[in-house]
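Mind assembling these two chains? They're in different frames, but the hints should get you there.
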Amino acid sequence: MDESALIDLARNGDRDAFGRLVQLHRDAVYRFAARWLADPDQALDVAQDVFVRAFDGLKNYRGESRFRTWLFSITLNAARSVARSQKRRGEIRLDTGAEFPDFRTPPDAKAARADAFARAARELAELPEKQRGAVSLRIYEGLSFKEIGEIIGCSEGSARVNYHHGIQKLRETLT
Amino acid sequence: MTNPEKCATVGELIPEFLAGRVSEADDKMVRGHLESCVDCRNRANAVSLLQQTPIPVPDPGRWDSFVEGVVGATEERHQPGPWRRVWNKLFGGRGPH
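Line by line, the protein sequences give chains W and S. Residue numbering for the first sequence follows my numbering, starting at 11 and increasing by one per position. Residue numbering for the second sequence follows my numbering, starting at 31 and increasing by one per position.
Chain S on its own, in the form it takes in the complex (with noise of 0.2 Å):
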């Protein structure tokens, strides 16, 4: 039988219920209306289907280098242009006004 207020609190609990991070309070309760509630269920396998939906696989080498690669982006980000290494070469880094 279908309570639209306990399949919206089952709803919610679904992700974690699955993954195993309810209290036992919790999946006793999810378990027991999984069992009496079609619609509910046909949630939650949508979901599981969703949460085992493998992420696509990252090429290693890039993987690997990842963190050297954003911290090398924001250093360059942040080197003065060709402009402004010249006037800082004129004018040894005093900034225009």
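Isolated chain W (complex conformation) (with noise of 0.2 Å):
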């Protein structure tokens, strides 16, 4: 069964069709919160979150986009909400990086890498919203230009702009 045929059951109420939805952008949408947000925990909470709204939503999702970049807007709206209230209580974590152990690599190379890794999620998170989402939903998602506007809330060419001044940037303070 097609894409289309489960969100057209699934917005009559066919959970079993839903379910199978969830499956298709599990991955996806946990893997754009958990860049966002680089704790897995609050990603899986996020990735829910989106989830049950979606499901709420689906009678006003048209079709106008694809799917997975409905999801992801309505992702990056709860991750943000997310990182501003943790920005709020001082509570930031970017320690991506040191979860994927490589025995293969010697101590010292591990360590630099796994430091190569924080920094650049680092000043990633530090880019203006807007830049950050196109660039990583650009990097990380190979989404186009208007599906990227479509997500951060501006046209095609500001999104293209975004993401130049993004990885412009990100060239400056890590190289």
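In case anyone wonders, no lab produced these hints; they're calculated from the structure. All figures in this text were calculated on a predicted structure; none of them were measured in a lab. All residues carry an ideal CB built from backbone N, CA and C; glycine is no exception. Heads up, some of the hints might be wrong.
Below, simulated BS3-like cross-link-like pairs (lysine-lysine); rule was C-alpha separation at most 27 Å, straight line [what the hints assert, rightly or not]:
1) W:Lys-156 with S:Lys-58
2) S:Lys-36 with S:Lys-58
3) S:Lys-58 with W:Lys-140
4) W:Lys-140 with W:Lys-120
5) S:Lys-58 with W:Lys-120
6) S:Lys-58 with W:Lys-69
Facing chain S, from chain W, some residues (calculated, C-beta under 7 Å) [claimed, not checked]:
7) Ala-27
8) Gln-58
9) Ser-91
10) Ala-93
11) Phe-127
12) Arg-132
13) Arg-148
14) Leu-184
15) Thr-185
In structure tokens form, the structure reads like this:
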């Protein structure tokens, strides 16, 4: 069964069909939230919230954008809101990189690599939100600038400009 | 030598180029440009580093039960509340007007 048929069924309350949609998009939604929040537990909470909101909002989904694009815009709003309240409480975690031990790499190189990853994640997180969104959605999800614009709330041209500005800043800070 | 238009084109293709998802012609064009443009090479290095940055690993138990958890949460949200349950019991599910 294709995605649009599953969406139609889920819109009419079919939870099995909705479960299959969740299965199809779980990885992408989690990945996006986890990169934004750098915390797997919070990312799972956000991902769950995104799908629950999506189920409630299916009646408003008109299919004008890809289903995944629509899910990403819900994810971005949810992750931003969690990150803002986290920031207000002063709890920022950017320890990405420490969770993947690679026993083939010597300890010094491993530590340097983990540092480089943590620094890269930190610099990405420091970008203004639209630049961060544009860069993340382009480099991790391979989305078009039109789709990115729909998600971050701007035109295709502005999404492109945000991406280039973000990449330029990262070039300056990471190289 | 820097060519702003070429740099912009290459800059947009870098993520797909690094992921090996560009056409043969684009691959050749990006490679050629990166050889001669230090700025774009630095941009490509920054993107490459970010692309390799690992994703925080979720708790396996929560991950495995994720779909059931979401579907269960949608069911809970659509359960009638306590007052609605009393109403349904008294009036057989006819809605108040």
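Against the structure, the hints come out as follows:
For the suggested pair Lys-156 (chain W) and Lys-58 (chain S), the alpha carbons sit about 26 Å apart, so the restraint of at most 27 Å is met. The hinted pair formed by Lys-36 (chain S) and Lys-58 (chain S) meets the criterion: a straight-line CA distance of about 13 Å does not exceed 27 Å. Taking the CA atoms of Lys-58 (chain S) and Lys-140 (chain W), the gap is about 31 Å. The hint is violated against a cut of 27 Å. About 32 Å separates the Cα atoms of Lys-140 (chain W) and Lys-120 (chain W), which puts this hinted pair outside 27 Å; it is violated.
In summary, the hint linking Lys-58 (chain S) to Lys-120 (chain W) is not supported, as the alpha carbons are separated by about 33 Å, beyond the 27 Å threshold. At roughly 46 Å between alpha-carbon atoms, Lys-58 (chain S) and Lys-69 (chain W) are farther apart than 27 Å, so this suggested pair is violated. A least Cβ separation of about 10 Å between Ala-27 (chain W) and chain S goes past the 7 Å threshold, and the interface hint is therefore violated. A cut of 7 Å between beta carbons decides the hint on Gln-58 (chain W): the least distance to chain S is about 5 Å, and the hint holds.
The interface hint given for Ser-91 (chain W) is violated, since its Cβ lies 18 Å from the closest Cβ of chain S, which is over the 7 Å cut-off. Because the smallest distance between the Cβ of Ala-93 (chain W) and any Cβ of chain S comes to about 14 Å, over 7 Å, the interface hint for this residue is violated. At about 4 Å, the closest approach between the beta carbon of Phe-127 (chain W) and any beta carbon in chain S falls short of 7 Å, and the interface hint on this residue holds. Checking Arg-132 (chain W) against chain S: minimum C-beta separation of about 10 Å lies over 7 Å; hint violated.
At a threshold of 7 Å, the smallest CB-CB gap from Arg-148 (chain W) to chain S is about 6 Å, leaving the interface hint in force. Interface hint at Leu-184 (chain W): satisfied, since its Cβ lies 4 Å from the closest Cβ of chain S, which is below the 7 Å cut-off. This hint holds: Thr-185 (chain W) has a C-beta 4 Å from the nearest C-beta of chain S, less than the 7 Å allowed.
Hint violations for this structure: numbers 3, 4, 5, 6, 7, 9, 10, 12, all remaining hints satisfied.
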